[in-house]
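Enquirer: Hey, can you work out the whole structure from these sequences and the hints?
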Amino acid sequence: MSSETKQILTTDGIPLEVSLKKAEKKNKIKAFLLVAPLLLFLIITYVFPIGEMFSRSIDDKMITNMLPKTFKEMEKWDGQELPPEEVFTAFYYDFKVLVEKQEHGKLGQRLNKEKNGFNSITKKLFRQVKRKKIDESTSIKEQIMKVHKRWRNVEYWQAIKRTAPPYTMSKYLKGMDMYYAADGSITQVEEDRRIHRILWLRTLEIAFFVTLFCFLMGYPIAHLLATLPMKYSNLLMICVLLPFWTSLLVRTASWMILLQQQGVVNDFFVLIGLVADDNRPEMMYNKVGTYVAMTQILLPFMVLPLYSVMKTISPSLMRAGKSLGGTPFVAFWKVYFPLTIPGIGAGCLLVFILAIGYYITPALVGGASGTLISNQIAFHMKQTLDWSFASAMGLMLLSGVLVIYWIYNKLVGVDNIKLG
Amino acid sequence: MSKNPEFVKFDKVDKSYDGKVLVVKDLQLDIAEGEFITMLGPSGSGKTTCLMMLAGFETPTHGEILLDGNIISNIPPHKRGIGMVFQNYALFPHMTVYENLAFPLRVRKVEKDEIDKKVDKALSMVSLNGFETRMPAQLSGGQQQRVAVARALVFDPAVVLMDEPLGALDKNLRESMQYEIKHIHESIGVTVVYVTHDQSEALTMSNRIAVFNDGKVQQLSDPAELYEKPVNSFVAEFIGENNTFNGEVIDIAKDKCKVKLANSEILANPISVKSKGEKTTVSLRPERALINPSDKMDNMFTGKIEEVIYHGDHTRVRLNLLGSSEFILKVPNSTSNLELKVSQDINIGWNSVDARALDPK
Chain A
946 MSSETKQILT TDGIPLEVSL KKAEKKNKIK AFLLVAPLLL FLIITYVFPI
996 GEMFSRSIDD KMITNMLPKT FKEMEKWDGQ ELPPEEVFTA FYYDFKVLVE
1046 KQEHGKLGQR LNKEKNGFNS ITKKLFRQVK RKKIDESTSI KEQIMKVHKR
1096 WRNVEYWQAI KRTAPPYTMS KYLKGMDMYY AADGSITQVE EDRRIHRILW
1146 LRTLEIAFFV TLFCFLMGYP IAHLLATLPM KYSNLLMICV LLPFWTSLLV
1196 RTASWMILLQ QQGVVNDFFV LIGLVADDNR PEMMYNKVGT YVAMTQILLP
1246 FMVLPLYSVM KTISPSLMRA GKSLGGTPFV AFWKVYFPLT IPGIGAGCLL
1296 VFILAIGYYI TPALVGGASG TLISNQIAFH MKQTLDWSFA SAMGLMLLSG
1346 VLVIYWIYNK LVGVDNIKLG
Chain B
32 MSKNPEFVKF DKVDKSYDGK VLVVKDLQLD IAEGEFITML GPSGSGKTTC
82 LMMLAGFETP THGEILLDGN IISNIPPHKR GIGMVFQNYA LFPHMTVYEN
132 LAFPLRVRKV EKDEIDKKVD KALSMVSLNG FETRMPAQLS GGQQQRVAVA
182 RALVFDPAVV LMDEPLGALD KNLRESMQYE IKHIHESIGV TVVYVTHDQS
232 EALTMSNRIA VFNDGKVQQL SDPAELYEKP VNSFVAEFIG ENNTFNGEVI
282 DIAKDKCKVK LANSEILANP ISVKSKGEKT TVSLRPERAL INPSDKMDNM
332 FTGKIEEVIY HGDHTRVRLN LLGSSEFILK VPNSTSNLEL KVSQDINIGW
382 NSVDARALDP K
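Heads up: the sequence lines are chains A and B, in that order.
Once you know that position 266 of the first sequence is 1211 in the working numbering, the rest is easy, because the numbers rise by one and skip nothing.
Once you know that position 242 of the second sequence is 273 in the working numbering, the rest is easy, because the numbers rise by one and skip nothing.
None of these hints come from the bench; they were simulated from the model.
These numbers were taken from a predicted model, which means no experiment stands behind them.
Virtual Cβ for every residue (Gly too), placed ideally from N, Cα, C.
Treat each hint with caution, since some may be false.
[What the hints assert, rightly or not] Calculated pairs, SDA-like style, for lysine to any residue (alpha carbon to alpha carbon, straight line, at most 20 Å): (1) A:Lys975 <-> A:Leu985; (2) B:Lys110 <-> A:Phe1277; (3) A:Lys1279 <-> B:Met166.
[Unchecked claim] Computed spacing ranges between beta-carbons, pair by pair: (4) A:Leu983 <-> B:Gln169: 34 to 40 Å; (5) B:Lys43 <-> A:Ile1286: 43 to 49 Å; (6) A:Glu962 <-> B:Ser158: 41 to 47 Å.
Expert: Written as structure tokens, this is what we have:
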């Protein structure tokens, strides 16, 4: 570029760029103020809670604060054999503080999660400390080791040392049926106790098939909606949207009425002689119920993006395809279908992401074999009150969604998504 | 090779969408091989319906359509081998220009080399070589239009249908495309059925024009005849400009009749009037009436200028003549121009041959 064109001046002699920025500044501020409430809302209701969830899921500060002296002394301990006298002494004084604050129970529970058997031996130690049986003038190590034989076991002291860092990934490992073994390596739990992995796989499987069923059923509906004359398509649109306007609970409950063993569907099967009256199939409290109910509930999320894309495809394209010699199938497959891919992508992504986080429907109609990972999260939120584990699994779910989104972006391209 | 004069034949075709109204009534139309025929008419006149029936997207309610002697009413569109250019081009937006053109060849399982050759030929026909890899969205309207034409021709169809293909283009581009399509037709000799509501487009391009109104062909003839000798007042009105007088026939001879207007009488050429007492509309082209005619003309009147509009190549003069203030004159813009001023009285004359007494409006 030549030097003359480098800087254009306005009539006042101010560089054009500067004066343009000045002119646009006011508009930029206005625009920012306009979106500021939403930005604030998003930060408060979305970014902040997710950050909170994350810190909760890795937080292990409680025990770090409970045993400050112990962990300080433990830094010098190599962790191979029983710790030296200083560690025992520090542990004793930390424990004494906890007894005074009546927090020794929490310590026992926390350590018990790390290694079974801690609960009882901390209780035993508590009784000794309470009754002032420990003589602080002689070797505290000897006295503690006498309280219970487990206190003489190096594995228990190794377990305490493992809890030293204020942050831990153990919740995430637990979510994948793994744990830190005594030597600190990551180990899988025994085959018959791997419940989470089953749930993850089942969640993916159900989400995948629900998406597939929604696609197979939604595509023709969306096509019909987009091509029917206005007066019929409006009616059909209402039929598609009607479930949207009904409470999720009501819809799930009506599926329970339909699908139960003495329910409408089974009655009908018996009536037409498809099944024997005394051999009614179970269609609820298993995967079948989850599939049927979730497909119905998530169908609109597939139909609407597909419809909005199909609406924009001119009918003359199909005609052109046919007049150029393509059979109706070729015209559909080569012309119509590729043009609907943005809608298919949007619909499938939407349904899949909603499905892997689905909660109420599987909880009500899923039974034991039809529950998903979100039910497990809810279980830990409400029953075991292990919020950090629930947070960890919630974040694993979220990162799973992000991975899917990323894969989708690689395969199809997010720019191709069209929601309307 | 002798050309088949009945290459495409509409035989007594009726079409109704709702069972109450006939959109196309008893259509009888023969299209010769290699002909460029235009279906011209106002919207709702049934011309596009005829095209759609020929393409196979609509089925005739009654009657048959024949292509090269074979009844095609039961053949689905993709087996008819008819190329079609759509109103909005209908290029496949997800395919490149090359893929768009290759589509009809690929579905016909043509060899790859052959496809390349034909696509290249078709593109050079519309002078779009080098655009193979562009997407339709990257082309201008005129270029998209050419691609659509090339795509309809690339598989050598016997008949090409064009449904108002130039409707979306601006005036200059439309005119140059008219000539281009006409030249393509002349060079490859394909039969073209063209639908438009633009009469100048029809007059420019066609061998013959079928004027549609009310589901019927009003007149089927070549452009010159259509303009010079309209057979009824609809055609006279629809094609070109037209001065009309409504009156009653008071005297009739073989090639002349006397028509009584509100307060005067004129001589006219009896086209669709047969006897005295019939109501009639007399149609006269503006350029056939002359100011101060030197020759002896059998209609001579005096009118008063109401308005003068300058049009560049000619001047339009609106006159109050014979009780009507809507009489239009076209005065060519030549050097011997007359002074034309509003409210000036001038003498007007025309030959009775040019004043066609048609059916009453």
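Enquirer: It remains to establish, for every hint, whether it holds in the given structure.
Expert: Against the structure, the hints come out as follows:
1. A:Lys975 <-> A:Leu985: Given pair lysine 975 of chain A, leucine 985 of chain A holds - Cα atoms ~16 Å apart, limit 20 Å.
2. B:Lys110 <-> A:Phe1277: 16 Å, holds
3. A:Lys1279 <-> B:Met166: 16 Å, holds
4. A:Leu983 <-> B:Gln169: 34 to 40 Å: Given a distance of about 36 Å, which is inside 34 to 40 Å, the answer is holds.
5. B:Lys43 <-> A:Ile1286: 43 to 49 Å: Check passed, 46 Å falls within 43 to 49 Å.
6. A:Glu962 <-> B:Ser158: 41 to 47 Å: 43 Å, holds
Of the numbered hints stated above, none is contradicted by the structure.
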